[in-house]
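Input sequences plus hints: build the corresponding full structure.
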Amino acid sequence: MGALSTKEKTGWYVGALLIVLYAIVPVVYIVSMSFKSEGALAERTFFPTQATWANYTEIFAGNGSDLFLPALRNSIITCLLATLIAVVLSMFCAYAIARLNFPGKRIVLTSALAVAVFPVITMVTPLFNLWRQIGLYDTIPGLIIPYLALTLPISIWTMSAFFRGIPWDMEQAAQVDGATSWQAFRKVIVPLAAPGVFTTAIIAFFIAWNDFVFGISLTSTSAAQPVPAALSSFTGSSYFVQPTGAISAAAVIVTIPVVLLALVFQRRIVAGLTNGAVKG
Amino acid sequence: MARIELKNIVKQYGDGFPAVNDVSLDIADGEFVILVGPSGCGKSTLLRMIVGLEDITGGDLMIDGKRVNDLAPRDRDLAMVFQNYALYPHLTVGENIAFPLRLNHSKVPESEIRARVQKASDMLELNEHLDRKPANLSGGQRQRVAMGRAIVRDAKAFLFDEPLSNLDAKLRGQMRTEIARMQRSLATTTIYVTHDQTEAMTLGDRVAVLRKGLLQQVASPRELYEQPVNLFVAGFIGSPPMNFLPARVSGDRMQLPFCEVPRPAQVDGSYEGKLLIVGVRPEHFDDADVTDAPEGAVTFSAGVDVTEWLGNELYAYVPFEAAEETKEQLAELDRELDGESLRSQLVVTLDAMSGVRDGDTANLWFDPQRMHVFDPTTGVNLTRDEDKAKKIGEQSEMLRRRSLERAQGSESKTPAHA
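Sequence lines, in order, name chains A and B. Positions 10 to 289 (this note's numbering) are the ones given, in order, by the first sequence. Positions 667 to 1084 (this note's numbering) are the ones given, in order, by the second sequence.
Hints should not be assumed to be uniformly reliable.
To be verified - 25 angstroms max Cα-Cα, derived DSS-like pairs, lysine-lysine:
id, chain 1, residue 1, chain 2, residue 2
1, B, 773, B, 732
2, B, 673, B, 822
3, B, 878, B, 993
4, B, 1056, B, 673
5, B, 799, A, 196
6, B, 773, A, 196
Treat the hints as calculated values from the structure; they're not laboratory data. Quantities reported herein were computed from a predicted structural model and do not represent experimental measurements.
So, in structure tokens, the structure goes:
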């Protein structure tokens, strides 16, 4: 593409600004609400007139902490475990898909895709019944398993694109150099695929972290309830008061890791996503 | 150090296409053998079968008398340099070279690894790059790292898969010499795949020419050049390539586009009246105005279309009208050789002193003793002299042994250095 004329440039800037505004206004609004006092919530101002940490003390030390802190713990444990399992499983799966020719290879890929586009809500009711009967209801494993269904397909797709990008010669060179298949995988392929594994892990973590449907349907107590589900059961200081401030504060807290991860690894995520888009 | 024997090796793909068909080759210990041919002739497939990256459909592959068809690559103890070098990008140069040794680290102690990496890097002049990553190296340096990884192990044989094709022309020449030097001083059996006939001619003790999976001729470079077995080998070896002219046999003379030559004794009377193909190398022509034609030479004059002056010599292109019967055959041959000649023309290499320029009519001569006569239907070289070929073969083998001994001798006197 050649140099843009001033007119085109302005057009691009205006377009970009609109999109950024569209995305950022709700986030900023939530942040601003989290700093408003209970009484000020009804005020028709965008920014709080008197900023207060009350909502944050509420969820970390006050009434809300009974609900929020265990939920935060559940969310972290569930998402990390789900991510770890998804990455390990999809790594082997994607390696096989990228390197081996076996019957049913296409079926694995297409069924992974089918699972990915399958409406989540249709799985909830059968899982709810099944989990209650086999005792997985309201447990952390009971959440990890459906999270794997969400994260595995995209992990397999991203990762197999990464593996395909590693020249096969590299592995053959290792074999000629005297490596067993396992040594070639561990000493050559895994280090080369590390950025891919990383990207996949981040994407998988986001998906699990942002889930609401499974969280709300398959848990009921602080034993396993993740943050998104816990937020919906917040109550205000009295029956007539909406817990908007506390929910906003909790929402801000759970957004922080996501934003941080995205900022730190944005280059990798973009590379990973386009990688998958072009070659997958 | 190993002798590698290929006995009727066949590679057939799932669709039944034989990529390599019935190839037999006996490679002596310490010999440098080139597999050469145009793209798609099966040379790389053959190499990959030897190293174990491709399954062998039929035949036996023997290393030092042991059948290794079913051994995994790591158990064959062969070192290979890949076309794209296949360096490990996450490891430093030193670690890349040490990689094969580290794989069985229980057997090779750390001090030994360091000593051997040091020796290889001395030999390839990689000392100042040992801590760098392959991504920061130039093409020639990467090439040397790949060779370092191959020589560090004392493998039974080195296999090269078009190692120089990613380098530019000047570097290619330098690395070619480097490979030859390394092979001589280590005296390790080497199999080298290339499509470049200059590499084939300069490096090989023996050259195996492949065409569509079939072995055409295995011989020393000199024999290939002087006594090719058929039209394909004759056309493949030499640059610029051999000229092929249609020739009609009449009595004891043969009618060529520009002149008449005596019929060689090997072309018997049964070819009377038939059309044959005569092959003359460009460098066997000369300008009659610059050098005198010797006794027995055939002189003719022809209109020169284009000339190319290269400083040390001059190429002159002489267009001619080819007979219909041979046109198709020659066009087919040209396609096989990855060429695309649009017109039938004679290429002659003249002395740089020659005054021939575009559009001139040149007086040229050549010695009919040096021409080859091919049967157009089978492509067989009718004038190939088996006795002479045998003599050339024996002589090349003797020269090879001598130079190998010399290299070994000087190696023991002076410490290893490239």
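Taking the hints in turn, this is what the structure says about them:
no. : hint             : in the structure
1   : 773/B <-> 732/B  : holds, 24 angstroms
2   : 673/B <-> 822/B  : holds, 19 angstroms
3   : 878/B <-> 993/B  : holds, 21 angstroms
4   : 1056/B <-> 673/B : holds, 22 angstroms
5   : 799/B <-> 196/A  : holds, 16 angstroms
6   : 773/B <-> 196/A  : holds, 18 angstroms
Violated hints are absent here; each numbered hint is respected by the structure.
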